[in-house]
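Residue numbers (the numbering used here), protein chains in the order written: chain G, 1 to 196; chain D, 1 to 328.
What the hints contain is simulated information worked out from the structure, not anything from laboratory work. Honestly, I wouldn't trust all of these hints.
Derived pair list, reagent style EDC-like, types lysine to aspartate or glutamate, alpha-carbon separation capped at 16 Å [claimed, not checked]:
id	chain 1	residue 1	chain 2	residue 2
1	D	K107	D	E119
2	D	K179	D	E230
3	D	K107	D	E142
4	G	K86	G	D49
5	D	K107	D	E213
6	D	K107	D	E325
7	G	K176	D	E5
8	D	K107	D	E122
9	D	K166	D	D181
10	G	K176	D	E122
11	D	K23	G	D28
12	D	K179	D	D199
13	D	K23	G	D48
14	D	K23	G	D49
15	D	K107	D	E284
The following residues of chain G were derived to be distant from chain D, with all beta-carbon distances above 12 Å [to be verified]:
id	residue
16	R100
17	T101
18	R175
These numbers come from a predicted model, not from an experiment. A virtual CB, placed ideally from N, CA and C, is assigned to each residue, including glycine.
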Amino acid sequence: MITHGEPDDAEVIDRARRDPAAFSVLFDRHAPALHRYVTRRLGDSLADDVVAETFLAAFRRLTRYDTAHRDARPWLYGIAANLIGKHRRAEVRAYLALARTGTDEVAESYADRVEARVSASAAHQELAEALAVLSPEDREVLLMIAWADFSYEEVARALGIPVGTVRSRLHRARRKTRAALGGVDPSAVEEETTRG
Amino acid sequence: MDDLELLSGMRADAPEPGVERLKALRVRALRRRRRFWMAPSLLAVAGALAAAAVVSGIGAPTQGTRPIVITGTVPMSAEAVLRQAAQVSERRAPAPAPRPDQWLYRKTLVKQPGEATAEVQEYWTRYDGTRQAVRQGQGPLEEHRHRPDPDDDDLSPRGYAARLAKLPTDPSRLLAHVKGDRHWATKPKEEAGLGEHPDARAFRVLSVYLEQEVPVPPRLRGAIFRALAEIPGVRVDSGVRDAAGRTGIGIAYEWGAPGVGTERDANGQVVARSYLVLDATTYEFLGRRVDYVRDHVINGDVVFTAGSFYASAEVAAGVVDEPGELPG
Chain G
1 MITHGEPDDA EVIDRARRDP AAFSVLFDRH APALHRYVTR RLGDSLADDV VAETFLAAFR
61 RLTRYDTAHR DARPWLYGIA ANLIGKHRRA EVRAYLALAR TGTDEVAESY ADRVEARVSA
121 SAAHQELAEA LAVLSPEDRE VLLMIAWADF SYEEVARALG IPVGTVRSRL HRARRKTRAA
181 LGGVDPSAVE EETTRG
Chain D
1 MDDLELLSGM RADAPEPGVE RLKALRVRAL RRRRRFWMAP SLLAVAGALA AAAVVSGIGA
61 PTQGTRPIVI TGTVPMSAEA VLRQAAQVSE RRAPAPAPRP DQWLYRKTLV KQPGEATAEV
121 QEYWTRYDGT RQAVRQGQGP LEEHRHRPDP DDDDLSPRGY AARLAKLPTD PSRLLAHVKG
181 DRHWATKPKE EAGLGEHPDA RAFRVLSVYL EQEVPVPPRL RGAIFRALAE IPGVRVDSGV
241 RDAAGRTGIG IAYEWGAPGV GTERDANGQV VARSYLVLDA TTYEFLGRRV DYVRDHVING
301 DVVFTAGSFY ASAEVAAGVV DEPGELPG
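Make the full structure from the sequences, and use the hints.
If you want it as structure tokens, here you go:
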């Protein structure tokens with residue numbers, strides 16, 4: 001992702017400590033994907049707030065960044081996770097609504113307004129049910145892996161927990177998602193998803 | 001298709017923000033350029049200290065180069081100096097706490113490497129942390145209103161004083177505490193401190209305590225020096241100058257780890273030595289100094305040339321009733 005000759009995140013942060021203007025590089029690099037991730041968690045209307053707060057908080061904590069880590073993504077998503085956590089009830093409410101009605105208000109928030117209601121597949125309804133009942137800690141791990149494409153190590157760094165804890169939380173979370181999907185015939189799942 | 005793949009497909013059509021929206025968000029997200037509570041010395045030094053990891057692994061072309069000799073600094077017995085510093089500190093009377101509506105004044109000189117003159121920075125911070133005023137050089141007095149975020153490390157001076165008051169004053173217990181301290185925050189979820197050696201962390205956190213603008217209680221101050229003496233690799237040099245040209249003793253951490261201590265290149269040669277500069281008699285904090293003894297190279301660019309230095313100096317401090325007022 002980072003081409004040769006371009007400073008990596010740790011170097012950008014190192015420079016930003018002396019020259020705050022350099023911090024904008026970090027925003028340009030990571031804000032679009034982070035915004036999408038937050039949108040996926042909380043919907044379109046909260047994404048701007050959470051992303052702005054994440055970068056403001058990150059800037060205040062620049063001195064604490066351990067530049068041994070070249071990629072700042074886990075750090076930024078960890079900060080964002082705390083901010084997303086402040087909207088936990090809204091997040092869970094949306095999963096529950098999706099599970100019960102098949103209507104995903106988060107997907108509707110970013111879908112074109114004139115479009116018809118966004119209806120989810122049966123499998124996604126089942127998953128939403130599982131997401132709603134997971135502990136916040138387990139959900140965080142699961143979604144960082146599924147939606148932010150983080151490795152176990154990256155999740156560990158983001159949340160400040162050992163890799164072993166990431167594994168056990170993911171294991172616990174996936175037991176619930178699998179159980180939720182248990183009633184769904186795998187071939188039907190394929191079909192539902194492709195029909196989308 | 002397994003559960004993870006199915007989950008990956010959920011809300012997968014969520015878009016990234018458009019150009020215009022991103023532009024507006026960028027302005028919002030970057031609006032606060034200056035960290036509120038941070039003294040400039042801390043900001044710059046952390047950057048300088050953290051550069052060790054940057055230098056290593058990039059193949060900085062410093063092999064075989066001779067370091068610049070910093071004249072006038074002489075290594076001393078760290079243990080003896082730190083013991084003396086502890087004794088002097090413990091004899092001092094505790095400073096009275098300001099009222100919540102009073103302001104802490106702090107005037108600092110900051111000299112960046114490669115620049116000939118130091119910049120004057122003045123800070124007025126309300127003790128309860130609700131407001132801060134800053135003046136740079138001869139510029140206007142800029143006031144900021146601020147609501148400290150409890151999730152952040154941003155503590156008001158009063159909050160910081162309370163934090164210091166809770167620290168153990170037994171040197172060994174203090175050292176054990178700061179080794180496990182993730183630096184300020186009680187729940188720093190985003191920063192596990194993975195990779196930072198406990199000794200390096202202890203040195204970093206104790207340094208931060210010593211340069212706080214809120215007065216450190218005498219017993220704690222003594223314990224900080226005694227704890228520093230217990231950290232392997234802590235070095236003390238005499239004849240280290242701050243940004244105001246005052247000579248003091250410099251405390252450094254020789255066993256640099258990524259993010260703290262003496263910076264070394266990929267070959268283990270010292271690139272920069274970072275000091276906490278203290279008055280040689282009172283052991284008050286004078287400032288910071290980073291001496292670049294070899295060229296500091298990032299990505300093939302010489303960022304700081306050998307012989308250049310960063311320095312800060314605390315030149316005035318006191319308690320006043322209004323921002324802009326100077327202590328009498």
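Now for the hints, and whether the structure bears them out:
Proximity of D:K107 to D:E119 is assessed by CA-CA distance (about 10 Å); at most 16 Å being required, the pair is judged to hold. For the suggested pair D:K179 and D:E230, the alpha carbons sit about 12 Å apart, so the restraint of at most 16 Å is met. With a C-alpha separation of about 15 Å, the suggested pair D:K107 and D:E142 falls inside the 16 Å cut-off, and the hint holds. Straight-line distance between C-alpha atoms of G:K86 and G:D49 comes to about 12 Å, which keeps the hinted pair within the 16 Å bound.
Note on D:K107 and D:E213: the hinted pairing holds, with a Cα-Cα distance of about 11 Å set against a maximum of 16 Å. Of the pairs offered as hints, the one joining D:K107 and D:E325 holds, with about 12 Å between alpha carbons and a cut-off of 16 Å not exceeded. Distance check on the hinted pair: G:K176 and D:E5 sit about 15 Å apart at the alpha-carbon level, within 16 Å; holds. This hinted pair checks out: D:K107 and D:E122 have alpha carbons roughly 4 Å apart, not beyond 16 Å.
For a cut-off of 16 Å, the pair hint linking D:K166 to D:D181 stands: about 13 Å separates their Cα positions. Taking the CA atoms of G:K176 and D:E122, the gap is about 57 Å. The hint is violated against a cut of 16 Å. Restraint check for D:K23 and G:D28: satisfied, since their Cα atoms lie roughly 10 Å apart, inside the 16 Å limit. Restraint check: the Cα-Cα separation between D:K179 and D:D199 comes to about 6 Å, which is no more than 16 Å; the hinted pair holds.
At most 16 Å may separate the alpha-carbon atoms for a hinted pair to count; D:K23 and G:D48 meet this at roughly 11 Å. With a C-alpha separation of about 14 Å, the suggested pair D:K23 and G:D49 falls inside the 16 Å cut-off, and the hint holds. Restraint check for D:K107 and D:E284: the C-alpha separation of about 15 Å stays at or below 16 Å, so the hint holds. For G:R100, the requirement that its beta carbon stay farther than 12 Å from each beta carbon of chain D is met, with the minimum near 16 Å.
No Cβ of chain D comes within 12 Å of the Cβ of G:T101; the nearest lies about 16 Å off, and the non-interface call holds. With a closest Cβ-Cβ approach of about 10 Å to chain D, G:R175 is found to fall inside the 12 Å limit, against its non-interface label.
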